[in-house]
Amino acid sequence: MLRPKYIPLVMRQAMRRPTRTLLTVTGVALAMFLFSSVQALQEGVRVATGAVAGETTLIVYRQNRFCPAASNLPEDYRARIERIPGVVSVTPMKVVPTNCRTSLDVVTFRGMVAEEVAPRATWDLRTGSVRDWVARKDAALISGGLARRRGLRVGDQFDAGGVRTYVAGVFESDQPQEQNAVYTHLDFLQRSTGRKLLGVVTQFSVKVADPARLDEVASRIDDEFRDDRQPTQTSSERGFIARAAADIIHLIGFMRLLGWGCLAAVLALVSNAIVLNVRDRIRDHAIMQTLGFSGSLVARVVIAEGILLGLLGGALGGGTALAIVRLGSLGLTNEGLYIPLAATPTMLLIGLIIAAGAGVLASLVPAWQAARREIPTCFRAV
Amino acid sequence: MKLLPWEYGIRNLARSPSRLALTVAGASLVVLLVLVAGGFIRGLAGSLRSAGEAGNVMLIGAGSEESVERSEIQPAVATIVLGSVAGIRQTLDVPHVSPEIHVQLGVERSPGAGALPASLRGYTPAAMLVHPRVRLVEGSLPRAGHNEAMVGVLAAARMGLAANDLRVGRTFYLDGRDCRVTGIFEAAGTVMESEIWMPLNDLLVLARRDTISTVIVALDSATFDDLDLLAKQRLDLELVAMREQDYYAGLSSFYRPIQAVAVITAGLIALCGLCGGLNALYAAFVTRVRELASLQTLGFSRRAIVLSLVQESTLATCAGGLLACMAGAWLLDGLAVRFSLGAFGLKIDSAVLALGLLSGLLLGVVGALPPAWRCLRTPIATALKTS
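Taken in order, these protein sequences are the chains called A and B.
Using our numbering, the first residue of the first sequence is number -1, and each one after it goes up by one.
Using our numbering, the first residue of the second sequence is number 4, and each one after it goes up by one.
Do not rely on the hints blindly, as some may be mistaken.
Per label pair, the in silico range of CB-to-CB distance [to be verified]:
1. B:S19 with A:L362: 51 to 59 Å
2. A:I351 with B:L144: 29 to 37 Å
3. A:R324 with B:W333: 14 to 22 Å
4. A:L195 with B:R112: 29 to 37 Å
5. A:R227 with B:P128: 28 to 36 Å
6. A:E53 with B:S256: 49 to 57 Å
Hints are computed from structural coordinates only; laboratory data are not their basis.
Beta carbons: idealized from backbone N, C-alpha and C, even for Gly.
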């Protein structure tokens, strides 16, 4: 450990070459910005797909289908699902994304029966009214993120993927799948897309009374339709997202390599800066040792400088990533499912610890060299 | 202007082999990342842009202009087109009109192994006429009614499987039904290479659909307007006519935000590398302030010294760039990337290689100028007294 009274010395050492310090901190900040962005993507996947205790929602989808356009279930399955013991409620839903592919700007239409949209507790309707939505067949309730991105307000006409709707309300929600959603009347969406057939939905959302019976109820639902024309595949809501968003998860797995590369860059940048600083300060270290600084103290001052550079860059890069992710409402959509980037202050803290750790690691060898150098050798080296 | 000898810069490079190795390795890494980003963008855009044939028109369901997978139209559209539009291209009296179904289904390697997302296309023999770049490279065409399929060279990569898992003679499972691979096809690097093709009726049965996705028509004397007029007159069919190239250009622009993210990422990594390089060069040049002042006293102008310093750093970064380009062309070119309803190969072509070499050159020039300028700004008398 380094006593606090040496901190001003460490700061002065770092500021003696402001250009080089600035370059190192900028480089570390850039690398930590990328690292934190990759972490935010991974956190988003974890939040959207990770199992949670007490989950009570099941998604019934067409077996062996991934794209909403290919999952066509008869609406009359609802009555048969409702009869299965343990099921509390069943909500049919038609899902129509403007594109099944992965991108940053996809609109997902969700058609629901009017009575089942109104009581959704996850919404905070900011403008407009549900009454207006119920009154007009082509009305839509749209998410705040989408409204901001497309510059939409209540009363506007909104056209995407061949579906033209009237904006009756704008809502905010903390649920990932509602970030890009446009809620319309089920029959309106059924008539507007595909074969324009009533009575066909993409999925059923099933509420189960007891979380412990989630798997049992899922098996019973699939058994019920095993020999039907449209067999089903039922999974927990998060399990369903994990299966359907496999392409994004694969992409994020690839991005993890980039994250490791960024850490290597941080290590290289801090290491480079410290090695150069130590080489420049051979005489300074000799003077410090003459004044009574022990070799170990000199090493700790060098390591503290590495930590300082790592922390400054980490705070700048991680903080910028956190701000952009939080203010930008960014995320990826695949097969109509939205995976938002999730950045938390804890993630920033972890980033800072990693950056500081990289600073320690990068300065260990030069610190060891500085500590072991004999005073006469140092003066001769200059 | 009297220039410093070329050998002077080269000899200086060898003064610190460890520093030279670090500079070359750093530049290689940065250029390699630029190549990955460039290859990703070129590969993705190329697989989509070149997928459409000039002179081909797609008839798809109204409202599905962004995604043919969403389109559902009547199978009769193909015969309606034949009966309504004259001037469609023909070969040996076979019209170039291809009804197709494009669908995403779960494919299992073995029963119960877990479905993997795959892109399937149901086709008739006419598909080979409207997609002339599709070329069977191994095996034979699948026979209708025999549960057979041919797979694109990147189909296995799209599903996250090894190429061996979908070779000729292998079996995969669709909704519990076994399906044998009879052939492998190439499609000149287009998005079709990540698809599995089956006879149209077989796939309609497997997908349990009675509608197709699109009818692709190759024009001869007929024009796009003829098909557009048909789509607008037959409101009952709810069709839209689109040039095939326009459809894929639309898809390409759909991916523009992802491409922008790749460019920004590569840019940030390059900047990160530049910061490291600048730092190292600042340190390297600062130790030579006295030497640079001596050169000025010998009559060399500041511009000549800057040129020599730029030559040194450029040689090192260009060597790194060359190494990265060789590694890129050898290791990255054609590397299959699974991405969003398909797969494509990274494309390290001449344009991407030129970009990589240019990045190496810029790293050398931009990285050397500020530290060189800083060292030469010091008055000669002061610089000569520097320890």
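Against the structure, the hints come out as follows:
1. Range check, S19 of chain B to L362 of chain A: about 22 Å between beta-carbon atoms, so the 51 to 59 Å window is missed.
2. For I351 of chain A and L144 of chain B, the hinted distance range of 29 to 37 Å is not satisfied, since their beta carbons lie about 59 Å from each other.
3. Taken as a hint, the range 14 to 22 Å is violated for the pair R324 of chain A and W333 of chain B, whose Cβ atoms sit roughly 42 Å apart.
4. Between L195 of chain A and R112 of chain B the beta carbons are some 34 Å apart, a value that agrees with the proposed interval 29 to 37 Å.
5. Distance hint check for R227 of chain A and P128 of chain B: the Cβ-Cβ separation is about 29 Å, which falls inside the suggested range of 28 to 36 Å.
6. Range check, E53 of chain A to S256 of chain B: Cβ separation about 38 Å, and the 49 to 57 Å hint is violated.
The structure shown violates the earlier hints numbered 1, 2, 3 and 6.
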